[in-house]
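*Asks:* This is what each chain is made of:
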Amino acid sequence: MIRVEEICVTFNAGSAIETKALRDLQLTIPAGEFVTVIGSNGAGKSTLLNLIAGETRSDSGRVLIEESDVTGWSTARRSALVARVFQDPMAGSCENLTLQENLALASSRGQRRGLSQAVNRERQEEFRRRIAQLGLGLDKRLNDRMGLLSGGQRQAVSLVMATINPMKILLLDEHTAALDPKTAAFVMALTDRIIRRLSLTTMMVTHSMRQALGHGDRTVMLHEGRIVLDVAGDERSRMRVEDLLHLFEQVRGQALDDDKLLLD
Amino acid sequence: MSLIAFLGAIEAGLLFGLVALGVFISFRILDFPDLTVDGSLPLGAATAATLIVSGADPYLATLAAMAAGALAGLVTALLNVWLGILHLLASILTMISLYTINLRVMGKPNQALLGEATVFTPFEGLGLPFYWLTPVCLLLLLVLAVWLVTRFLTSEIGLGMRATGANPRMAASQGIETGRMKMLGIALSNSLVGLTGALFAQIQGGADITMGVGVIVVGLAAVILGEAVLSTRTILLATIGCVIGSILYRLAVAFALNAEFLGLQAQDLKLITAVLVVIAMSLPGLRRRWHGRRRRR
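Protein chains in written order, with the working numbering: chain A, 50 to 313; chain B, 153 to 449.
Worth flagging that the hints you see were computed from the coordinates, not collected in a lab. Fair warning: this is a prediction, and the values are worked out from it, not measured in the lab. Where a beta carbon is used, it is the ideal one built from N, C-alpha and C, also for glycine. Check each hint, because a few of them may be wrong.
Rough simulated footprint, nothing fancy, chain B against chain A, three-plus residues with beta-carbon under 8 Å [what the hints assert, rightly or not]:
no.	stretch
1	149-160
2	163-177
3	275-289
Using the sequences provided together with the hints, build the complete structure.
*Replies:* In C-alpha cells:
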C-alpha cells in the first residue's frame, strides 16, 4: 500500500522561479493495485514518483508505504520497500559493471551488504534462470558489460533487477519512453506479465494516454500538482483515448498542442 | 643501469604501487579526485617515524600510520558528504591542514630514523643481501595488497562502492548509502598511502615534511600507465595494472636519469612526471580527433 497525505512540494522556494510542483496531494493505492499516472509536462508526475522513492522531500505531509511512515527515510533506506525502473535505460544500471554484477547489486537491495563475494555460483545460477525467462538470449552474456546491451535489453534487465528481490511497491518512470515502438511494446508486455505474476503494488508514470488506459487497474491524471481525474473499474474500461483527451483539454482550458500524446 | 639502480627502481615502483592502488580507489572506483594523498603520505611517514623513535614497535607504528592516513581520508570525505564542499577542494583543504599537522606530529620539519629497528629488521637474518631484502619484502606485501583490494572490490560492499562511483542515483535506489561508501573508500585509499609513507620513512631512514609533494601525480601516472599496458576488463587486471604501471614509471624515470645524453638531473623529476601524465591523459582524445579528421577527408 502507498499513502500520500497532504503533500506539498515547492521548488526554488522564495525565489522568482518558485514552482509549486505538488499542492495538497492526497492519494492512496491499496496493495496489489496497478495505477497509471498521466499528465502534461510539469504536472508533477515525476515529482510524485521521486517523492515516493525518497529523492524529493516534501514541505509538509506524510508518505506511508505499507504501514511504515517513510517521510524522513533516505532513498537507500526506502529501497527495501521500493523498487524502481527509470526512463533512461542508462540510469537504472551501471554500464561498466557486468550483467551479473548489476544483478548482484539488485539482489542485495534492502539487505545488509557484507564482505562475501558478490557473485557466487549459487547466485549465478539464479541470475541465469531469471534472465533466461526474458527470452532474449542474455543468459549467455552474464559476463558482458552492461554498456554493450541495447536500450531495450537494458530496460528488460532493469525490470528483472527491480523484481529479483521481494519488495512492496514498484515505480515505473516512463520506462518505455526512450525505446522504439516495437521494443517498447515488448518491455510493456514483460512489465504486465511480471506485475500480474507477483501481484505488485505499482505506480507507472506515462506520457502515452493509450498506455495509461490500456494497462493497470486505475488511472490518475495530474495537473499543476493536483489530481484532476481518478478513474477505475467500469468507468475506466468504457473510457477511450479520445474521452481522456477531451478531459485533458478541459482541465488545461485550451486545445492540446502536444501531438506526441495523441500519437503514441 | 647497474643492478642496484635497477633494484632501487623496482623497490620504489613496488612501494608506490600502494599509492597507485589508493589512487585507483579514489579516482577510478569512486570518481572522487582526492589530493589528500599529498598530505597523508608524509602523515604516515611522520607518525611511524615519531612513534619508532619514541620506542614503539615498528609494526604497531606502521599500523598507526595507516590509521592516521584513514582518518585524513575520512576528514576529506566528511567535508564533501556532510558539508557539501566540492570533492577536489575538500581534499586540498585537508592536504593543506596536514602540512601543519605533520609539523606538529614531528615537532620539526624532519625526523631521522638512523639505527632504529624497522619492519624489515626481523628479515635481515635470512641471508639476503640488503639490496634484495626490501624489494622481496615489498613484492610479497604488494601481492597481498592486490589480492585484498581485489577481494574487497568484488565483495558486496565493494560492488556497492563501484556503483556509487559509476551511478550514484542507481546506487541509492539499490539501497547503497553512497555517502558512507565515499567515507569508507577515501579512508581506505588514504590508509594505503599512509602505509606507503610509513614504509618509505623506514626504507630511506627518516620522514620529511616535503616528501608528499606530487604524490598524487606519481600515483595517477602509475594508474594510467597500468591501464595502457593491461586491460581494465576485470578488477584483478586493473589492480595488477596499478602495480605494473608504478614499476614501469620508476624504470622509465631511472632510464631517463641514467641516459647521460639527455642531460636530465634528479630535480627534473617532477616536471617530467607532470609532462608524462599530460601526454598519457591527452592521448585518447588526440587519437580520436586524429581519426575523426582522417575520416572526414
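*Asks:* So, for every hint listed, does it hold in this structure?
*Replies:* Verification of the hints:
Evaluation of the coverage hint for the stretch 149-160 of chain A: fulfilled, as 8 residues show C-beta separations to chain B shorter than 8 Å, against a requirement of three. Given as covered by chain B, the stretch 163-177 of chain A passes the check, having 6 residues with a CB less than 8 Å from a CB of that chain where 3 are the minimum. Residues of the stretch 275-289 of chain A with a Cβ under 8 Å from some Cβ of chain B number 0, which does not satisfy the need for three, so the listed coverage is violated.
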